[in-house]
Structure formats: structure tokens, C-alpha cells
Amino acid sequence: MTGMADNDITHLQVALGPRSYPIHIGSNLLDRADQLLADQLSGRQAVILSDSHTGPLYAARLTEKLAPITRRLDHLEIAAGEASKSMASYADLMDRLLGLGVDRQLVLIALGGGVVGDLTGFAAASLLRGVDFVQIPTSLLAQVDSSVGGKTGINMTAGKNLVGAFWQPRAVLADLSLLASLPERELRAGYAETVKYGLLGDADFFSWAEAHGAECLALDPAVLGRAVYQACRMKAEIVGTDETESDRRMLLNLGHSFGHALEAEAGYDGRLLHGEAVSLGMVMAFDFSVRLGLCEAQSASRVRQHLARMGLPVSAADLPAGLRQTSGLADRLTRHMAKDKKVRNGRLRLVLVRAIGAAFVAEDISGDQLSAFLADWVEG
Numbered sequence: 012m013t014g015m016a017d018n019d020i021t022h023l024q025v026a027l028g029p030r031s032y033p034i035h036i037g038s039n040l041l042d043r044a045d046q047l048l049a050d051q052l053s054g055r056q057a058v059i060l061s062d063s064h065t066g067p068l069y070a071a072r073l074t075e076k077l078a079p080i081t082r083r084l085d086h087l088e089i090a091a092g093e094a095s096k097s098m099a100s101y102a103d104l105m106d107r108l109l110g111l112g113v114d115r116q117l118v119l120i121a122l123g124g125g126v127v128g129d130l131t132g133f134a135a136a137s138l139l140r141g142v143d144f145v146q147i148p149t150s151l152l153a154q155v156d157s158s159v160g161g162k163t164g165i166n167m168t169a170g171k172n173l174v175g176a177f178w179q180p181r182a183v184l185a186d187l188s189l190l191a192s193l194p195e196r197e198l199r200a201g202y203a204e205t206v207k208y209g210l211l212g213d214a215d216f217f218s219w220a221e222a223h224g225a226e227c228l229a230l231d232p233a234v235l236g237r238a239v240y241q242a243c244r245m246k247a248e249i250v251g252t253d254e255t256e257s258d259r260r261m262l263l264n265l266g267h268s269f270g271h272a273l274e275a276e277a278g279y280d281g282r283l284l285h286g287e288a289v290s291l292g293m294v295m296a297f298d299f300s301v302r303l304g305l306c307e308a309q310s311a312s313r314v315r316q317h318l319a320r321m322g323l324p325v326s327a328a329d330l331p332a333g334l335r336q337t338s339g340l341a342d343r344l345t346r347h348m349a350k351d352k353k354v355r356n357g358r359l360r361l362v363l364v365r366a367i368g369a370a371f372v373a374e375d376i377s378g379d380q381l382s383a384f385l386a387d388w389v390e391g
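FYI, in the numbering used here the residues of the sequence shown are 12 to 391.
Note that these hints are calculated values from the structure, not bench results. Treat each hint with caution, since some may be false.
Quick list of the computed label-pair ranges, beta carbon to beta carbon [claimed, not checked]:
| hint | residue 1 | residue 2 | range |
| --- | --- | --- | --- |
| 1 | R72 | D231 | 48 to 56 Å |
| 2 | R115 | E75 | 23 to 31 Å |
| 3 | S31 | A176 | 15 to 23 Å |
| 4 | R343 | R30 | 38 to 46 Å |
| 5 | A176 | R259 | 16 to 24 Å |
| 6 | A308 | E374 | 21 to 29 Å |
| 7 | L173 | D19 | 34 to 42 Å |
| 8 | V372 | F177 | 17 to 25 Å |
| 9 | A383 | R320 | 38 to 46 Å |
| 10 | A319 | G281 | 18 to 26 Å |
| 11 | D42 | R343 | 46 to 54 Å |
Using N, Cα and C, we set each Cβ at its ideal position, and we do this for glycine too.
Model the full structure from these sequences, guided by the hints.
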């Protein structure tokens, strides 16, 4: 993984041999998309995929830039929201793509947040047994996390992202200026995934975030640029050493096993955003680590206090009322976690911590310990 600056654009490289690709980070990149994506799109058929929020905002602007360099350019739209990461939406999208008369030289362009990126990537991985795609993430969460690394997929009733594929994009274009259109709640949710990188492997970055998190949420250009760069740099380096999550890449799931269980319980209905669930999950991971004698309570307190200051949920009391007041919640969360993708041979593995910046994969977690922890967590 390498990084360099080019005027006001920072370039990173995800080093995966013949499947390596660039990450471009900067402001107003959409207006330079024809230059930045020329190597991937020139002379090829392409389809822009957006949702009902990002399409009206950006699709026409992107089309104006890319139409002159592509052989043919179409635009398809899906409904906004996590519910679009479903088998029904995937099947409908595939039918619409095939209806355009595409071939294997097609390039899909994901213009949106994590839902659009994950669905587009899975469509690219499976359409005609694999076509290229590029990521133009429009949310903070997607810019710092989901657009990089090639994890694609959809949700099932049993859990989040249980059907999918590792399929790397050919380029990522992270336009910081697009974040100005995000609701404050979406920005905060994306911030949770940003600060995650400090908690899992860079204590200095977490300390920096404690000092500058408010400026990041205020979209201060210099602060925001550094945050996105640092997150992408760390993820690119990890993915370059462990593409398919067999070892070190699992650390990127800090907070996600707990968070995914909460999302599944909420039914992906928008009451709990992914980043909000990750915020809760990271606090839970620290608290569980403290309970197991792995981590000092002071570290967990620091994490909880910072995320709370950033307006993120940190306890069961912060759950939507319809979730926290249901009976049997702890048991259902335990069952959701038993279906987590990190379960191996029936044994649950969790990303836990020894300190801020020192995450590790804990093997063979005791079901009784986890159930007792969740029961106490729900009771608050």
C-alpha cells in the first residue's frame, strides 16, 4: 500500500497484485471523475447504480462527466435504506441489468453509501460470472470502510451480509465534498466506523480523534481529509495482507458481531443504523473484555465517553424503545451471534481488546459467559 498527494488529491493503492486498485481522496472529485476513472471506463459500457437519495443529487452530474468517455452509460436506481440489501432487490437489479443487453466488458459504478456499494459489488461479482465495478462512496461510513476491501453482499433473515462474495473494485473515488449533503445522524454513524481504526490498531489515532472528532463531524476539510485518509490507509494495508479475512482482517470487525446482532433484531428497518450498531458493539466489546479480565476498565470508559460525546449510542438505554423494551432480548441476541460469519466449527470467535489500539481475535468464547454478559447489558 502506498500513498501520495497530487495537488489537492491524495492517492492510495490497495496492493493485491494484478487486482490492485487506487483510492482517490479529495474534494470535488465528482467533477474530475472522467480523468480519475479514465483507465477503468474509457470505451466501455457502464451503468451507474444509485439509490433514491443519491441519484437525484449526483447521477446527472456524474453522467455528464462520464458519458463522453464511455461507449454507453445507463443509470439504475434502487430504494434507499438497508432493506435494499435483500435477495428480492438483488434479483430485481440483475433482471434490470440483463435487460440492458450487457456483456462481460460492463463496468458497474456504485454511487451511494454502503448499501449501494455492497449490492453493486455483489451484482458485479455474480453478473455473467463477474464484471468490473468502481466505488464512488457518498457517505462517511462508505468512504472510510465499506467501499474499500471488496466485501460485497446482501442480508438474509438469519443475519447481515450472510450471502456475498469477496470482489475487489477497480477504483475508489472518495469525494469529501459529497458528505455535506448527509444528515447529521448519518455522519455520526460513519464516524463510529472511522474511530474504529484507532480502537483496533492505532491508539495515537484514537487520541487524535478524541481531540478532533467534533471538527470531523463539522466537516472541517483538513480534519475530515486526515480521518478518511488514515482509515483508508489502515484498511488498505490490512486488506493487502489478508484479502479474504482468514486472519488479520478479522480485526476490522471490532464491534460488529454485537452490532450485527442488534441490527438483525431491529430487522434492518432504519431504527438502528449500521454505524450506530457498531458504536454499541465496540463499547460492548470493550466491556466484555473488561469482564473477562483482558482489558482495564479505564480504557472502556474512555471509549464510551468519546462515542457518547459524538452523539452515538453506547448502552442498551440508547436503543430504540421498541427494541430495548422487548422481553427475551438477550437470548435473541445470543442466537443472532451464533449465526455470525466468524463462527468456525460451531465455536464463536469475537474481536476483543487488551487495550485501546490492541484488538485481537478471541477463540472459543464461552457461550455461558457471553449469555450472562448480554443479559446484564440488556438490564443496564
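Comparing the hints with the structure gives:
For the pair R72 and D231, the supplied restraint of 48 to 56 Å is violated, since their beta-carbon distance comes to about 24 Å. The hint said 23 to 31 Å for the Cβ distance between R115 and E75, and at roughly 27 Å that hint holds. Checked against the hint of 15 to 23 Å, the C-beta distance between S31 and A176 comes to roughly 19 Å, which is consistent with it. Range check, R343 to R30: about 39 Å between beta-carbon atoms, so the 38 to 46 Å window is met.
Look at A176 against R259: about 20 Å separates their beta carbons, and that is inside 16 to 24 Å. The given range of 21 to 29 Å is respected by A308 and E374, whose C-beta atoms sit roughly 24 Å from each other. A hinted range of 34 to 42 Å holds for the C-beta pair L173 and D19, which are about 40 Å apart. For the pair V372 and F177, the supplied restraint of 17 to 25 Å holds, since their beta-carbon distance comes to about 18 Å.
The supplied range of 38 to 46 Å is broken by A383 and R320, whose beta-carbon atoms lie about 29 Å from each other. Under the hint 18 to 26 Å, the C-beta atoms of A319 and G281, about 22 Å apart, fit the expected range. The beta-carbon spacing between D42 and R343, approximately 47 Å, falls within the hinted interval of 46 to 54 Å.
When each numbered hint is compared with the structure, violations occur for hints 1, 9.
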